[in-house]
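A.B. asks: Sequence:
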Amino acid sequence: MPLTNDDAHRRHHSSQFQIPTNAGDEDDFLPSTQTLLSSRSQKPLATSDLSLHISTPKRPRRSTQTATGKENVPSITYRDVGFKRQKNGAVALDDGEVFGASDIDLGCSLDLIQPSIVGCSYETHDVNSGEEIVDGDDKFSGAIDECKGSKGKGGYLVNSIESRLVNSRVDYDIGVSGSGDDKVSGDDFESDTELDLLLNLHSELDEEDGINREGFGIEATDFMLDEEGLIQCPLCGVDISDLSDEQRLVHTNDCIDKVDAEAQNVALTPDKKQTSGPRQSDNSKFSTVLKWLHDLGLSKYEGLFVREEVDWDTLQWLTDEDLNNMGITALGPRRKITHALSELRKESSLVETSTNSRAYSSTGQQSNNGSDGREGSTNGTNKTPPNKLITDYFPGFATNKKNPCSSSSVQKDVGKKIPDSLNKGKTAKRNVRNRKLGNVPVWSCIPGTPFRVDAFRHLRGDCFHWFLTHFHMDHYQGLTKSFCHGMIYCSTITAKLVNMKIGIPWERLQVLPLDQKINIAGVDVTCFDANHCPGSIIILFEPPNGKAVLHTGDFRFCEQMGGLSVFQTCRIHTLVLDTTYCDPQYDFPKQETVIQFVIDAIQAEAFNPKTLFLIGCYTIGKERLFLEVARVLRKKVYVTAAKLRILKCLGFSAEDMKWFTVNERESHIHVVPLWTLASFKRLKHVSTQYANRFSLIVAFSPTGWALSKGKKKSPGRRWQQGTIIRYEVPYSEHSSFSELKDFVKLVSPANIIPSVNNHGPDSARAMTSLLLSS
DNA sequence: GCGATCAGAT
DNA sequence: CACATCTGATCGC
1 MPLTNDDAHR
11 RHHSSQFQIP
21 TNAGDEDDFL
31 PSTQTLLSSR
41 SQKPLATSDL
51 SLHISTPKRP
61 RRSTQTATGK
71 ENVPSITYRD
81 VGFKRQKNGA
91 VALDDGEVFG
101 ASDIDLGCSL
111 DLIQPSIVGC
121 SYETHDVNSG
131 EEIVDGDDKF
141 SGAIDECKGS
151 KGKGGYLVNS
161 IESRLVNSRV
171 DYDIGVSGSG
181 DDKVSGDDFE
191 SDTELDLLLN
201 LHSELDEEDG
211 INREGFGIEA
221 TDFMLDEEGL
231 IQCPLCGVDI
241 SDLSDEQRLV
251 HTNDCIDKVD
261 AEAQNVALTP
271 DKKQTSGPRQ
281 SDNSKFSTVL
291 KWLHDLGLSK
301 YEGLFVREEV
311 DWDTLQWLTD
321 EDLNNMGITA
331 LGPRRKITHA
341 LSELRKESSL
351 VETSTNSRAY
361 SSTGQQSNNG
371 SDGREGSTNG
381 TNKTPPNKLI
391 TDYFPGFATN
401 KKNPCSSSSV
411 QKDVGKKIPD
421 SLNKGKTAKR
431 NVRNRKLGNV
441 PVWSCIPGTP
451 FRVDAFRHLR
461 GDCFHWFLTH
471 FHMDHYQGLT
481 KSFCHGMIYC
491 STITAKLVNM
501 KIGIPWERLQ
511 VLPLDQKINI
521 AGVDVTCFDA
531 NHCPGSIIIL
541 FEPPNGKAVL
551 HTGDFRFCEQ
561 MGGLSVFQTC
571 RIHTLVLDTT
581 YCDPQYDFPK
591 QETVIQFVID
601 AIQAEAFNPK
611 TLFLIGCYTI
621 GKERLFLEVA
631 RVLRKKVYVT
641 AAKLRILKCL
651 GFSAEDMKWF
661 TVNERESHIH
671 VVPLWTLASF
681 KRLKHVSTQY
691 ANRFSLIVAF
701 SPTGWALSKG
711 KKKSPGRRWQ
721 QGTIIRYEVP
731 YSEHSSFSEL
741 KDFVKLVSPA
751 NIIPSVNNHG
761 PDSARAMTSL
771 LLSS
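In the UniProt record's numbering, the protein residues as written are 1 to 774.
Certain hints may be false.
Stated by the list, open to error - Keeping only pairs whose Cα atoms sit at most 25 Å apart, straight-line, the calculated PhoX-like set for lysine-lysine is:
# : residue 1 : residue 2
1 : LYS636    : LYS610
2 : LYS501    : LYS517
3 : LYS745    : LYS590
4 : LYS610    : LYS501
5 : LYS648    : LYS501
6 : LYS610    : LYS648
Worth flagging that the hints you see were computed from the coordinates, not collected in a lab. Only a predicted model underlies this, so the values are computations on that prediction, with no experimental measurement involved.
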């Protein structure tokens, strides 16, 4: 049942948004054709720019079958939003689940905001808008202030670009080139726009690539060169200089398989140990600890140490706080232990890399913790040699690019399919990421420290210090409220979200300040804003061994970051790098450029008052995009109450917050989850629901993948089906290829560990063109 | 019945 | 591809 005018009238209306009246009759309105756009746009430039060719989406739309054979039809349902229909027909948010995952599914909010459409009374809306959305968490206010304080220092929030957007000449670098072979409307472009750069990128890189191949022997760069220039197997260290490239791969792959098999054999137990009892299965690894305790005359704490699964490695890094947390509340015993521990550390610092063989490494092969093996290749060479290839920083990269299931055959044409005999789909991918070190991926271990980063999928008793770089599912996955493995370190914003959404008690959360060195377990730790999503951090670890490790988490390199003095003053030994877009094909524009594009596109279409604009976002992420749209256009954007609650955690100023409204009548720009925009099917559903109020939907999908492979040089895409237009805009919260390049150049690490190893076979080559010295 | 985990989806 | 997420099934408590 469509919303009637009467219904609309009875809802309270806001004057905030003035609908332009100069548009043609709504009946006139044709589903945005290129001509129409051009002729009506306030900015001819923008409209011509928008004239991307309309292509058929590649993915066939089909309903998917669940495992049970049930039709999995995406739909907007009450259940999706986690609210309840009340007796009177009104709908209320289900408070008990306000922050349940589904509750944040803003895309499903249409039922909520348009209850009459689905047969509810208007009280519903009142229920909604009158919903108590005040957090009531005063205890956080200090923390939030702290966040705000960081604004001026170059945090996520600092990149307010409003003034630049308003004043600067519009750079239509994106969404302007049509299919890629169209000529860009000449007058409107300067010759040296980013677009040109984009267009030239591929050829340039190809050339570069060629040079590399000839000059340096690109195929060999996947392997480690030792100091004498011999090529070593990244796994066993054997000299393989004399082998052909293929033979080298074969050799390496065999090694991987061996290591993997070993890791499988020994590592299966820890994960399964719930069933067999945590203690007995690997009691031996605690025996040294227990003996040590006994020698100190503290046998009575044996139980605690076993319960917390403190093995010898973990022991070395326990702090007084840890001991207290474990339940050793008496000061005397804690003193005794910490003193004994400091003695231990002194000893072990003499033998620098000497972490004892890891718990699950029964084979003698160093199977864990990132501090070993890998470092051997670059050990001692803090100075970066000139013309070092990027893959020189990826010891064992050959192992990563290889499909783990392709065993030991050399294959460049292996394609995407993984042999059925082994893993399939995502499982296989995970194995790619996690291979090499048994269970714990290399990138989550910080060499020289007892720390893990974003490794909650691999919780173990051998670690007490868990860092979380930001609050995205793929980084906190595995973290549940029953977490009992020590302390979690993260930013204020992340801590707040972790506490709220997962229910981790504050006692387990340690907030890390920004731009300020602190000491944790004998390691200096400094955090910087990662410019990824709110609360995201880059972490610098300076362990006693002098080999600084910089872990970027997910990050987008930006000017402010380049200005940080640490990167110049501190020698970074190991860089754990977000390599999501470490491929020349990903060279998207600056965020502000994309934001400007979105703003202009909205303006171009806004002559039609019956246009609904949708902007995609994540639970956390892409805020800057819709906030800037709101600020520049001076229009509020609609968010659901649940989303607003999240936004309130992110440290935005009161001034910024006023651009958000939970009253959808106040805005024709709605913020929705990205996946709502993923398919036209869903968009059509939205369109149907809004049939009375809107005749056109313009959706923006902000994603770095907008520039991916199949899409070639088209820098942003416009799709249209009937009265629905969807733009894929290259708004990325990860570093582009060239930004990665700049960052690596700036940091000049001796060693790089990629945190994303999901590149196909070809990208190895692409990576090699990442020359440091260029 | 609930939470944790995983497989399979967009 | 998969940025990050959702959904359903399964298992253990």
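A.B. asks: Is the hinted pair LYS610 and LYS501 satisfied, with a Cα-Cα distance of at most 25 Å?
C.D. replies: violated (37 Å)
A.B. asks: Verify the proposed pairing of LYS745 with LYS590, using a straight-line Cα cut of 25 Å.
C.D. replies: holds (19 Å)
A.B. asks: With the threshold set at 25 Å, check whether the alpha-carbon distance from LYS648 to LYS501 stays at or below it.
C.D. replies: holds (14 Å)
A.B. asks: For the pair supplied as a hint, LYS636 and LYS610, confirm whether the alpha-carbon distance does not exceed 25 Å.
C.D. replies: holds (16 Å)
A.B. asks: Given the hint that LYS501 pairs with LYS517, test it: the Cα-Cα distance must not exceed 25 Å.
C.D. replies: violated (28 Å)
A.B. asks: Going straight from one Cα to the other, do LYS610 and LYS648 come out at no more than 25 Å?
C.D. replies: Since the Cα atoms of LYS610 and LYS648 sit roughly 30 Å apart, the hinted pair is violated (cutoff 25 Å).
When held up to the earlier numbered hints, the structure conflicts with 2, 4 and 6 and fits the remainder.
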